[in-house]
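Residue numbers (my numbering), protein chains in the order written: chain Y, 14 to 392; chain D, 14 to 392.
What the hints contain is simulated information worked out from the structure, not anything from laboratory work.
Just so you know, not all the hints are guaranteed correct.
[As the list claims (entries may be wrong)] Dumping the calculated DSS-like pairs for lysine-lysine here, alpha-carbon to alpha-carbon at most 27 Å:
no.	chain 1	residue 1	chain 2	residue 2
1	D	292	D	281
2	Y	382	D	292
3	D	288	Y	382
4	Y	24	D	281
Given the structure is predicted, the values throughout are model-derived calculations rather than measurements.
Residue-level listing of the chains:
Protein chains: 2
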Amino acid sequence: MFLGAFILNVKKGLEGIVALETEISFIDGENGILEYRGINIEQLADQSFDVVVYLLLYSKMPTIEDTIRFSKLLKSKRDIDNKTKSVLNLCNFNIEAMDALRTAVSHMSHCDIDLNENTPEANQRKAVRLVAKFPTIVAGFQRIREKESLIEPDPELSHGANFIYMLRGEKPTELEARIMDTDFVLSAEHELNASTFSTRVTASTISDIHSAIISGLGTLKGPIHGGARLAVMNLLDEIGDVEKTEEFILNLIKNKQKIMGFGHRVYKTMDPRAKIFKKLAKEIAEEKGDMKWYQMGEMMEKIVTREIVEKKGKPIYPNVDFYAGVIYKYLEFPPKLATAIFAIGRISGWLAHCLEQYADNRLIRPRAKYVGKHYSGDK
Amino acid sequence: MFLGAFILNVKKGLEGIVALETEISFIDGENGILEYRGINIEQLADQSFDVVVYLLLYSKMPTIEDTIRFSKLLKSKRDIDNKTKSVLNLCNFNIEAMDALRTAVSHMSHCDIDLNENTPEANQRKAVRLVAKFPTIVAGFQRIREKESLIEPDPELSHGANFIYMLRGEKPTELEARIMDTDFVLSAEHELNASTFSTRVTASTISDIHSAIISGLGTLKGPIHGGARLAVMNLLDEIGDVEKTEEFILNLIKNKQKIMGFGHRVYKTMDPRAKIFKKLAKEIAEEKGDMKWYQMGEMMEKIVTREIVEKKGKPIYPNVDFYAGVIYKYLEFPPKLATAIFAIGRISGWLAHCLEQYADNRLIRPRAKYVGKHYSGDK
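Working from the sequences, and respecting the hints, build out all of it.
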């Protein structure tokens, strides 16, 4: 019994394997460069989330007229229906918001007016609805589990501001609103990360776009992917104090434990998104007049840099989740919401990848190398 | 700006790329050989589904005592709770059962007593519950949408027989029961097919096992994967008659349209599962005293072999879905149930792959080659 000659080397975790060509994003991990559709992330960080969603879905920067029209469209689709609210009500209130979001999206697909339509036009329409409704589901679930009444979306507010408003019942400050939108922008897209890859694997069987997004949600949830933000928040809470930070982190390093929010498969230098998040974390700390979480973050970065980057020569820098976690502390988000908030941004990248996959599809179906025994014949 | 030297060739669809090592199944596509855990599929086709689930989950053939104990355990976990029934009631009744199953599993995870436990022991317990409950969800949804009362699982019946019983409200014949169990056995596992691969991508972020299974469900649903059974059933209905088969298929070939249920990425000869399904299709046709669907299937196979295999030299043979679709016609399953029935079998393979992934994890994160423009600097 033999394996075909093409089955030679196992690429565990598919590290370094190029699975496909894309026009959506570009990463240079050596030099810390990230572009969406050819535009540098630093330039995009000043844009509204709506602009970035437009760029990702329609492959070009919107004009001012495009932006006005597209924002209006997104705002008009923010509502969720009563059946979706009923599904949220049936959720166990102890779960991560991510589990509720995954369930609600799965249910929403049933009632989508383009159910069973898998044309480019129908998928564009579904994409707009999904982007628009994600914040409403996440905030809605949090209100339901806190036994608070639901807040209707406010079309006067931006995507980020409206999310905080639906969560709190009060409008955010200008800085909070801007940071929320930038968080969504920075979280929107990152090439073939595991969750995006899983959406493309699902889409590659010509399954529907909701199924693909649900794969992305389930994959993002893992603690070594989007779940890291929750872990960073829990770590900050556990340490609790700037003075205790050094000893705590040194202990983690001594015991060879993973430090959540540090290190990345692709970046061998500081993640460009982490730099922007760090700047925003400082701004929000200053507005709140409480530097504690920011200083703890800085201290953690300093110790990891000294002990791991400098002493051991390993490129373990803060990743996108680290200062995002610090910011979420200032925005007073419950940790169990953290990954779902990441998903509110990332949905836009997932959708762009689905559309790209459908447009030139090839079933994603690798092989495995069998390393077990063969019993046949003598069983 | 440059890409690292490791980014060289794009393997579209990851064809021929070995993503990982496995001890779960072995395929020799050239010679039409399939083994689960080293045991030939022909030998396993005579076993009950419970035996094969045990083999896949625990890496060894059960003794008679193991089988009795394990079957009893599975039977004791078949019930679904009232909240899951409420979720099924909230589904749009026009959907494929697959969409209801995906939603119900997503919801069930919230109420799982091992929620947030990701240990090998907890995952084994979750695996047993998932295998046991899948038929109850699928049959339950079908009964609900037909406005019929739910049928409680019958612990006297095998996995396959009980599924048909919960669906119809009447016990199946001995042959029907045996065929149903064998269908689950043949559908259980197939190396890194797209849905199994997606469950492993999700599991590779250390996300929970329910999330991983939900990725598998969404991926299996696609028409160029598990959705092919539904397509085969629809094709049989559309042709409708043995006499019309030849012309219909010749027309499809002339217009270069895909013939559902034929061809496979890995097999370059007849799929060993298809051979067994074909035999079973003939048996059930004879029991029903109606050869029509079987004869249509044989005719389609004959024409495709003559026109594509022989004249064009392309290895396009019936795959696992083709005669399964024929059998589902005889079992009078509604086409919208077909993919979900496939999932009742495949869940066992997905679970084995999740457990294997967790046991020696490496994040599955390939790269993409950027082929778009770069605008940065001159935007």
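For each hint, the structure was consulted:
no.: 1; hint: 292/D x 281/D; in the structure: holds, 20 Å
no.: 2; hint: 382/Y x 292/D; in the structure: violated, 30 Å
no.: 3; hint: 288/D x 382/Y; in the structure: holds, 25 Å
no.: 4; hint: 24/Y x 281/D; in the structure: holds, 24 Å
Checked against the numbered hints given earlier, this structure breaks only hint 2.
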